[in-house]
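Q: For reference, the chains in residue letters:
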Amino acid sequence: MDLFLQQLSNGLVIGSTYAVVAVGFALAFTVLRVIQFAHPDVFMIGMFTGMVAAGFVPGGGLAVALLGGAVGSTAIGAIIERTVVAPLRGRDVLTTLIATLGVSVILQNGMAVIVGPDPIPYPRLLPARFYEIGPVLLTLRQMFCLGLCALLLVLASLYVRRTHIGRATRAIAERPDVAAAFGVDVRRVCQITFWLASTMAGLAAVAVGSLYGSASAFVGLLYGLKAFICMLVAGNRYFEAVIAVGLALGVLEALVTGYVSSSLRDAVAFFVLIGVLYLRPNGLFGSYAT
Amino acid sequence: MPNLAFFEPILIFTLLNVAMTIGLYVTALSGQLSMATAAIAGVGGYASGILTVKFGVPFLPAVAAGAFMGGALGCILALLTLKMRDFILKLTTLAAGEALSVLAFNWDYIGGANSFTGLEPHTGVFTCLVVALLAFYVAWRFDGSRLGYAARAVRDDPLAAASMGVSVAQVRIITFTLGSALIGMAGAVQAHYLLVITPSQLGFFVSLNYVIFLLFGGLQTLAGPILGAVVLTALPEALRFANEYRLIVYGLIIVGVMLWRPDGLLTRTPLGVARRILGFTLRPARLPKGALRAEDVLSPILPGDGVAMTKRN
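If you're matching them up, the sequences are chains R and P in order. First residue of the first sequence: 1, per our numbering; consecutive thereafter. First residue of the second sequence: 1, per our numbering; consecutive thereafter.
It cannot be assumed that every hint is accurate.
To give a feel for the contact side, a few chain P residues facing chain R, derived at Cβ under 7 Å [as the list claims (entries may be wrong)]:
id, residue
1, Leu82
2, Met84
3, Ala99
4, Ile212
5, Glu244
6, Ile248
7, Ile254
8, Met258
9, Leu259
Computed footprint of chain P on chain R, listed as stretches where at least three residues anywhere in the stretch have a Cβ under 8 Å from a Cβ of chain P [as the list claims (entries may be wrong)]:
id, stretch
10, 62-73
11, 109-123
12, 220-234
13, 266-272
14, 276-287
Read the hints as simulated data drawn from the structure, not as lab findings. All values derive from a computational prediction rather than experimental measurement. From the three backbone atoms N, C-alpha and C, an ideal C-beta is built for every residue, glycine too.
Make a model of the complete structure from these sequences and hints.
A: Okay, structure coming up:
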């Protein structure tokens with residue numbers, strides 16, 4: 001039972017980071033009809049700009065690192081939106097997929113030229129402290145990562161449900177033409193959505209970097225596929241469903257690692273995906289028609 | 001005179017990539033863009049490898065078996081995704097490919113994580129040339145056949161195609177099987193060149209390469225996949241002078257082409273539509289007498305706009 005609870009909490013920490021990246025993916029896909037394959041690399045850029053920013057402040061500087069991560073990822077997201085995604089809006093999904101994949105290749109290898117292809121140590125922005133909550137042992141870094149991701153997800157959910165632009169976002173997801181007819185500035189909302197998704201990824205990236213204590217130019221590969229699968233399994237009709245599936249995937253992987261074997265961990269997501277797509281092709285909770 | 005040994009691997013990979021991309025083109029002709037190319041090629045490779053290494057079967061029958069296994073896998077995927085819509089289909093094939101990769105990773109009989117080794121070299125430039133030409137011939141004959149036209153009609157509008165008497169399910173299964181058989185054949189030949197098959201070769205990111213080849217060249221003509229595979233296989237080699245920057249340049253070229261020609265490098269201009277080349281407008285090709293476009297026939301009865309060109313019959 002203790003092992004179960006421990007793996008459950010470990011899974012929730014990882015799952016929350018999947019959820020943040022998956023939500024960014026889902027926002028871009030539902031609103032812009034673009035599979036933003038460079039999104040995980042925006043996450044990666046945020047990790048490194050956060051690290052550089054933290055380097056300016058002696059002795060930690062968590063807030064500075066978060067700021068650096070947010071600024072870096074938002075800037076790179078805005079550049080991608082302006083140069084690649086906006087000109088291709090309305091094109092076939094595959095065209096944008098290949099184009100953003102090209103962007104992903106550029107970002108990964110560009111970063112590999114700067115920092116080298118191997119993982120490098122990431123500054124531990126928080127002290128190594130353990131907390132015992134009942135039978136579960138959590139580090140401060142894990143708790144910070146979970147807390148930050150939860151905060152981001154709650155804010156994103158409030159944004160989509162309660163704010164004016166957020167509602168416009170959902171209107172565009174449902175019917176872009178009708179939304180435009182009702183006076184929504186589709187181009188503007190798409191842009192803002194893209195920026196916000198990038199900012200979220202950058203903030204989460206700093207927490208993840210600090211959690212694992214290492215950063216690599218190719219960290220996006222793993223996150224990209226997982227986040228993509230979360231979006232598909234959940235379907236893109238309900239924003240909160242993507243979050244739930246992200247958390248569930250993290251927990252499921254942790255349980256498989258704990259009880260079965262760690263080599264099967266990465267396979268879990270794919271078997272879930274095949275099963276769900278076969279039984280419910282539009283995802284567990286339904287999708288907007290494309 | 002540059003050393004031929006330097007160019008041989010590049011030539012072999014170019015020819016094999018051409019064959020696989022042609023196989024993908026055949027699959028995509030009926031609108032099913034498979035994301036499991038590498039997995040199908042890998043299954044072909046494993047099948048032929050097991051036969052030659054463990055059962056002592058000669059090379060040619062083993063390659064035929066590889067093609068058969070590839071085709072069988074394609075048939076299964078087609079049946080699995082028959083009812084699925086375009087986008088979901090791509091993702092199911094993607095997931096199936098990854099699942100096979102994991103299966104190969106955990107199956108000790110075929111080497112598991114340690115890869116499948118012990119294959120004997122059978123493949124040279126000539127073998128690959130034969131494979132590429134065979135793939136081209138099959139795709140070329142298929143392209144102009146009744147079935148090829150039916151496949152395009154299914155791709156453009158399954159509803160319209162079905163109303164004209166085309167069996168959508170049959171066409172989709174046949175194209176997927178045929179294309180996958182070509183990919184399986186190329187995969188079997190490739191395995192006997194690399195002499196080792198690793199489970200990661202079956203993964204999504206390898207499959208994605210072939211999709212990039214196809215979309216880069218354009219999937220409207222048979223020349224498209226060939227051009228895409230040749231250019232994008234040779235390009236990273238040609239960019240060797242750029243050292244560590246070469247993959248960045250590679251990415252820039254892909255992004256540039258997608259922005260400049262979103263439908264790929266080679267596109268098809270429909271009959272009767274003016275063609276523009278470098279800003280010059282050419283006179284539109286005249287429609288042959290009595291030729292009908294699907295939209296002329298179908299637009300009064302069907303919603304949306306059919307763009308399939310039907311053969312006069």
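Q: Each of the hints needs a verdict: does it hold here or not?
A: Hint-by-hint comparison with the structure:
1. Leu82: Violated, because the Cβ-Cβ distance from Leu82 (chain P) to chain R comes to roughly 11 Å (cut-off 7 Å).
2. Met84: Holds. Min distance 5 Å.
3. Ala99: holds (5 Å)
4. Ile212: holds (6 Å)
5. Glu244: holds (5 Å)
6. Ile248: holds (5 Å)
7. Ile254: holds (4 Å)
8. Met258: Result: holds, 4 Å to nearest chain R Cβ.
9. Leu259: holds (6 Å)
10. 62-73: Not satisfied, violated; 0 residues make the cut.
11. 109-123: holds (count 4)
12. 220-234: Answer holds; 4 residues pass the 8 Å Cβ test.
13. 266-272: holds (count 4)
14. 276-287: holds (count 4)
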